[in-house]
Amino acid sequence: MLRVVTYLSFSLLFLQSSLTVRAQSKALVFQSDFSLKDGAVSAMKGVAYGVSSTLDIFDLTHEIPPYNIWGASYRLHQTVTYWPAGTVFVSIVDPGVGSERKSVVLKTKSGHFIVTPDNGTLTLVAETLGIEAVREIDESKNRRKGSEQSYTFHGRDVYAYTGARLAAGIINFEGVGPLLPAKVEMIPYQKAIYNDGVISGNIPILDTQYGNVWTNIDKGTFDRLGVHTGDVLLITIQNNGKTIFSGTVPYVNTFSAVPVGENLGYLNSLLNFSLGVNQENFSEKYKVFSGPSWSITIKKK
Amino acid sequence: MLRVVTYLSFSLLFLQSSLTVRAQSKALVFQSDFSLKDGAVSAMKGVAYGVSSTLDIFDLTHEIPPYNIWGASYRLHQTVTYWPAGTVFVSIVDPGVGSERKSVVLKTKSGHFIVTPDNGTLTLVAETLGIEAVREIDESKNRRKGSEQSYTFHGRDVYAYTGARLAAGIINFEGVGPLLPAKVEMIPYQKAIYNDGVISGNIPILDTQYGNVWTNIDKGTFDRLGVHTGDVLLITIQNNGKTIFSGTVPYVNTFSAVPVGENLGYLNSLLNFSLGVNQENFSEKYKVFSGPSWSITIKKK
Amino acid sequence: MLRVVTYLSFSLLFLQSSLTVRAQSKALVFQSDFSLKDGAVSAMKGVAYGVSSTLDIFDLTHEIPPYNIWGASYRLHQTVTYWPAGTVFVSIVDPGVGSERKSVVLKTKSGHFIVTPDNGTLTLVAETLGIEAVREIDESKNRRKGSEQSYTFHGRDVYAYTGARLAAGIINFEGVGPLLPAKVEMIPYQKAIYNDGVISGNIPILDTQYGNVWTNIDKGTFDRLGVHTGDVLLITIQNNGKTIFSGTVPYVNTFSAVPVGENLGYLNSLLNFSLGVNQENFSEKYKVFSGPSWSITIKKK
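Here the protein sequences come in this chain order: A, B and C.
Using this note's numbering, the first residue of the first sequence is number -10, and each one after it goes up by one.
Using this note's numbering, the first residue of the second sequence is number -10, and each one after it goes up by one.
Using this note's numbering, the first residue of the third sequence is number -10, and each one after it goes up by one.
Errors might be hidden in some of the hints.
Repeated chains share a single entry, so a pair holds when one copy, or any two copies, can fit it.
Below are the DSS-like pairs computed for lysine-lysine, each with C-alpha atoms no more than 30 Å apart in a straight line [unchecked claim]:
(1) Lys134 x Lys91
(2) Lys276 x Lys26
(3) Lys98 x Lys289
(4) Lys208 x Lys288
(5) Lys26 x Lys172
(6) Lys134 x Lys96
(7) Lys274 x Lys172
(8) Lys208 x Lys134
(9) Lys276 x Lys288
(10) Lys96 x Lys290
(11) Lys26 x Lys98
(12) Lys288 x Lys180
(13) Lys26 x Lys91
Just so you know, the hints here were simulated from the structure itself, not pulled from any lab data.
Okay, chain A solo, but in the shape it has when bound (with noise of 0.2 Å):
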């Protein structure tokens, strides 16, 4: 019976092993200004599956217009902190692939993981949850088998593989490479402040499908107005000091607190302040679209 138990013990162990692995894998979650047009990131998908095939594989997007670092900064904001912690991210938006940007693996204060190209993409990750340690991502150890000849898909051959292989607990974060100084690329933009009655700010991006116009002034900087539900607000808007955009616009919680057709501002889903015309697209209607040399006031009137 001894020899029968041993067996047991020994099936169980496996298995218990077979479940730790499992319990042990993360979420891996891509985006890129690929497009799903081509096989780009379906390639990126089997390389990660390959690597292990108890991963959970997700997309963010992959529709960051072409070369926009400051798109992929942005959504990464907009997402990360709905993922539990560990996490791995793999953004590729990447115009200076084969450049000397450094290849790294960012580790947020929140215990989330961001494997990208250092060029800009964590701007605004880092500011707002912290960098609690960036390595750069060793190729010798963390790149593909049989890569080496190619020169320009290193989202594939090396980011892929590499968030797969840390997600799945393969590699452990130390495993990725030599640490680096906890700082990484920042692109300057217009922070949001208060001053005297006024918020200055930045309209970092669009709602795309909506037309909605985002802009960077949370509820805690946007409270200091004193504005309440129903109050009116003076808005302008500039885009490398032109004004574009000069009205007013009810403050309100719902889109249909409004007719039709009429502007409303509001906190969107990430409590930030932001413009839209009820069933309409506001950036279409008044030309206002988003980037650094975009900016707003706003006054209570």
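Chain A is fixed; fit chains B and C onto it per the hints.
Below, chains B and C without anything else, positioned relative to chain A:
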């Protein structure tokens, strides 16, 4: 040895418990009008994955035209029954977010669950699959912790969260919230009817990718015309009572039964009567679109 | 105690059996020209998930241009080998649905399976990976129950269903249906050849998202020119014999090796010779597109 066996039994119970939890998990399928351009869909999936990493998470589509509740209803109708009973769908087309529409979960008679604002989205599945029961989401229990300040993203904070809990078996259907009367908001539309050799019906949707025109005329109704493949049909299509298309088409089983560029009538994959042009776009060619205002009549030539 | 151990053994067998089933599951990867706008892709995945909830289900792309069999062939060629051997691909670009093309499963010499109508889709993987065997799908066994009345959605009822059964280990390759001769339908196209200092080739596809022009000239053929990075190449591109582009480009390893807006030649991630403009769109700029009618010649300046 008893101690060893006890340990083994305990381990087995633990293992079985893990496997049981996994076995209870069901598919969670998301639909929205968010597109995949920004981080909204990924944030919903992150919340769901945070609820349970054992979920199998899929998409129906995120390209419902913005605010198009009818489109959301049709895509559910087109797809739900191809998924196993027990699958949980989360559908977010919610122009009235923040207004008085109820947040509900419909259990169909086929055993599928649909988590959605009750704004008409359930029209076609309620008719086709039948209403087993409707429950209102109790947000005091089924709302993501820390999301109480956000007014505008119920899809992430309430619907994705509730759908994930239901699919993972953390709550059962009763745990959603209080039972409502067994009815849902219905969008009126023209039913398919046969009368004296003529069938009238509606064009609920286009086969967008190819431009085929799909009607709500099912095989049972269509068969009352007594038509066989090769027979010729007289078709009239109106929008708000104005004739847009009038002509004849052969009734065929396959597109390749007619030359490239010629019109045809066929039963689509839902076994509804449809119109196409072999390797061309019927909708664009004849400016025929879809919605409640579009009607069609068919008779045998 | 024997009873306890027997119970434990039985439980272990049950557990091992569950784990074995899971371990046998393989990735199932879908490709089509359906787009993600409607419910067709989701219906296919629902059918697959209904076959086995242990499958790992992925997408290659669903944005093959409608009816473009050559595009389907190229995307498989671009992607298949990045997935582990044993992966099952389901590719549905099927303008001849319902006509006499055969429904087949190709097993490549690399151990990948491709479930598809045999209409040319297999051209490039058959050439590149080699044909291990081809089997015709026996629809009397491998067709979704209750789907016999539907003429037009073989993707869901036959291909997705068969692919899921094969990937889940419910059938093995022999279970697909009878063996066919080891050949598939081939689309003719210009091969890459070196002759007396000049390479001729074809432009099979564009790198759609960025507008780069990809040729079928592999590194081995390209190296016969004796070119090193920094050397200048003379390029001529013709469509149906008419010259569309004629000019010089430097051969470089990375886009950033030339100023923004300048042309370059490089080896893409498949190690094929390609043309681009740093941070611009070569295809749009010079009206160069892809397909069997497009040819290119390269020589050293």
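How the hints compare with the structure:
Proximity of Lys134 and Lys91 under a CA criterion of 30 Å is satisfied intra-copy only: 20 Å inside one chain copy versus 37 Å between copies. For a Cα distance limit of 30 Å, the shortest separation of Lys276 from Lys26 qualifies both inside one copy, at 29 Å, and across copies, at 19 Å. Taking the shortest alpha-carbon separations for Lys98 and Lys289, neither the intra-copy value of 36 Å nor the inter-copy value of 53 Å comes in at or below 30 Å. In this assembly of identical chains, the alpha carbons of Lys208 and Lys288 lie at most 30 Å apart only when taken from the same copy (14 Å versus 62 Å across copies).
In this assembly of identical chains, the alpha carbons of Lys26 and Lys172 lie at most 30 Å apart only when taken from different copies (29 Å versus 35 Å within one copy). In the homo-oligomer, the alpha carbons of Lys134 and Lys96 lie at most 30 Å apart both inside one protomer (25 Å) and across protomers (24 Å), since each shortest distance falls under that limit. Taking the shortest alpha-carbon separations for Lys274 and Lys172, neither the intra-copy value of 40 Å nor the inter-copy value of 39 Å comes in at or below 30 Å. In this assembly of identical chains, the alpha carbons of Lys208 and Lys134 lie at most 30 Å apart only when taken from different copies (18 Å versus 48 Å within one copy).
In the homo-oligomer, the alpha carbons of Lys276 and Lys288 lie at most 30 Å apart inside one protomer (21 Å), although the nearest pairing across protomers, at 48 Å, exceeds that limit. In the homo-oligomer, the alpha carbons of Lys96 and Lys290 never lie at most 30 Å apart, since the shortest distance is 44 Å inside one protomer and 49 Å across protomers. For the homomeric pair Lys26 and Lys98, the shortest alpha-carbon distance between copies (27 Å) is at most 30 Å, but the shortest distance inside one copy (35 Å) is not. Taking the closest pair of Cα atoms, Lys288 and Lys180 come within 30 Å of each other only inside a single copy of the chain (17 Å); across copies the shortest separation is 53 Å, beyond that limit.
When the C-alpha separation of Lys26 and Lys91 is checked against a cutoff of 30 Å, the pair qualifies both within a copy, at 28 Å, and between copies, at 27 Å.
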